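J.: Residue numbers (our numbering), protein chains in the order written: chain A, 1 to 110; chain B, 1001 to 1118.
By construction, these hints were calculated from the structure, which means they are not laboratory data.
Worth double-checking, as some hints may not be accurate.
What the hints assert, rightly or not - Residues from chain B that keep clear of chain A, each with C-beta distances beyond 10 Å, as calculated:
1) Val1011
2) Lys1014
3) Lys1020
4) Gln1029
5) Gly1053
6) Glu1063
7) Phe1067
8) Ala1072
9) Ser1073
10) Thr1080
11) Thr1082
12) Ser1089
To be verified - Below are the SDA-like pairs computed for lysine to any residue, each with C-alpha atoms no more than 25 Å apart in a straight line:
13) Lys1041(B) <-> Thr1080(B)
14) Lys97(A) <-> Gly1053(B)
15) Lys1066(B) <-> Ser1054(B)
16) Lys92(A) <-> Arg1097(B)
17) Lys97(A) <-> Phe1028(B)
18) Lys109(A) <-> Asn22(A)
19) Lys97(A) <-> Tyr1058(B)
20) Lys53(A) <-> Arg1097(B)
21) Lys1041(B) <-> Ser82(A)
22) Lys97(A) <-> Ser1005(B)
23) Lys97(A) <-> Asp1088(B)
As the list claims (entries may be wrong) - Covered by chain B, according to a simulated footprint, are these stretches of chain A (three or more residues, beta-carbon under 8 Å):
24) 31-45
25) 94-104
On a predicted model such as this, the values are computed, not experimentally measured, just so you know.
Glycine included, each C-beta is placed from N, C-alpha and C at the ideal position.
Each chain, written out:
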Amino acid sequence: KNEVEQSPQNLTAQEGEFITINCSYSVGISALHWLQQHPGGGIVSLFMLSSGKKKHGRLIATINIQEKHSSLHITASHPRDSAVYICAVRIKAAGNKLTFGGGTRVLVKP
Amino acid sequence: GAVVSQHPSWVICKSGTSVKIECRSLDFQATTMFWYRQFPKQSLMLMATSNEGSKATYEQGVEKDKFLINHASLTLSTLTVTSAHPEDSSFYICSARDLTDRGFYGYTFGSGTRLTVV
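Excised from the complex, chain A in its bound form (with noise of 0.2 Å):
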């Protein structure tokens, strides 16, 4: 079993719908990173959470440390949110490497 697991893995919604990624992980970590990655390739780094909840324009990230999962959640998507969001942990014992989940893809039609 993966250290860290995504669902759903892919995912198409309508524009303006909301979006829900979830993560869980299921081992003692130091922080969760949540990536998106565009068809191009390059990685963007969109939130870095060790608790509680944070929000970025549009995206809403949150974690629970107890039940040891997270979610990212897209309000009024568009089709540029289209891309692959990725969870990433950093484990407590593996100083600092991250860890990655499986990647969720996301189209947003217009």
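Chain B: place on chain A using the hints.
T.: Just chain B, lined up with the frame of chain A:
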């Protein structure tokens, strides 16, 4: 914000030749750089961790003589794929730890290099 510049963005080379990929941190000092490989529709796979001024730490199964990593300065790390073969064709991307404004270490990624070996 922190920026990591990665070059080239794509390269096609002949089998048996070597290819060098560069990652530069433009506005911060990257004491640690991570090198990843990604196959189509798969997640990132860590190849090695490089620390400025010391030897890189390679992940299990990654050939250190094939994937040479040099991190000679605080702003530059390079990955050289030696004697490339078609199976080395992949997307390579680097990432650097950076100290955010709020004192937390985040990770900044390069734009990636798509290597095709023919």
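J.: Each hint: holds or not?
T.: Going through the hints against the structure:
no.	hint	verdict
1	Val1011	holds (13 Å)
2	Lys1014	holds (23 Å)
3	Lys1020	holds (19 Å)
4	Gln1029	holds (15 Å)
5	Gly1053	holds (16 Å)
6	Glu1063	holds (19 Å)
7	Phe1067	holds (17 Å)
8	Ala1072	holds (20 Å)
9	Ser1073	holds (19 Å)
10	Thr1080	holds (20 Å)
11	Thr1082	holds (23 Å)
12	Ser1089	holds (14 Å)
13	Lys1041(B) <-> Thr1080(B)	holds (24 Å)
14	Lys97(A) <-> Gly1053(B)	holds (19 Å)
15	Lys1066(B) <-> Ser1054(B)	holds (18 Å)
16	Lys92(A) <-> Arg1097(B)	holds (16 Å)
17	Lys97(A) <-> Phe1028(B)	holds (19 Å)
18	Lys109(A) <-> Asn22(A)	holds (21 Å)
19	Lys97(A) <-> Tyr1058(B)	holds (12 Å)
20	Lys53(A) <-> Arg1097(B)	holds (22 Å)
21	Lys1041(B) <-> Ser82(A)	holds (15 Å)
22	Lys97(A) <-> Ser1005(B)	holds (20 Å)
23	Lys97(A) <-> Asp1088(B)	holds (23 Å)
24	31-45	holds (count 9)
25	94-104	holds (count 7)
Checked against the numbered hints listed earlier, the structure breaks none of them; every hint is satisfied.
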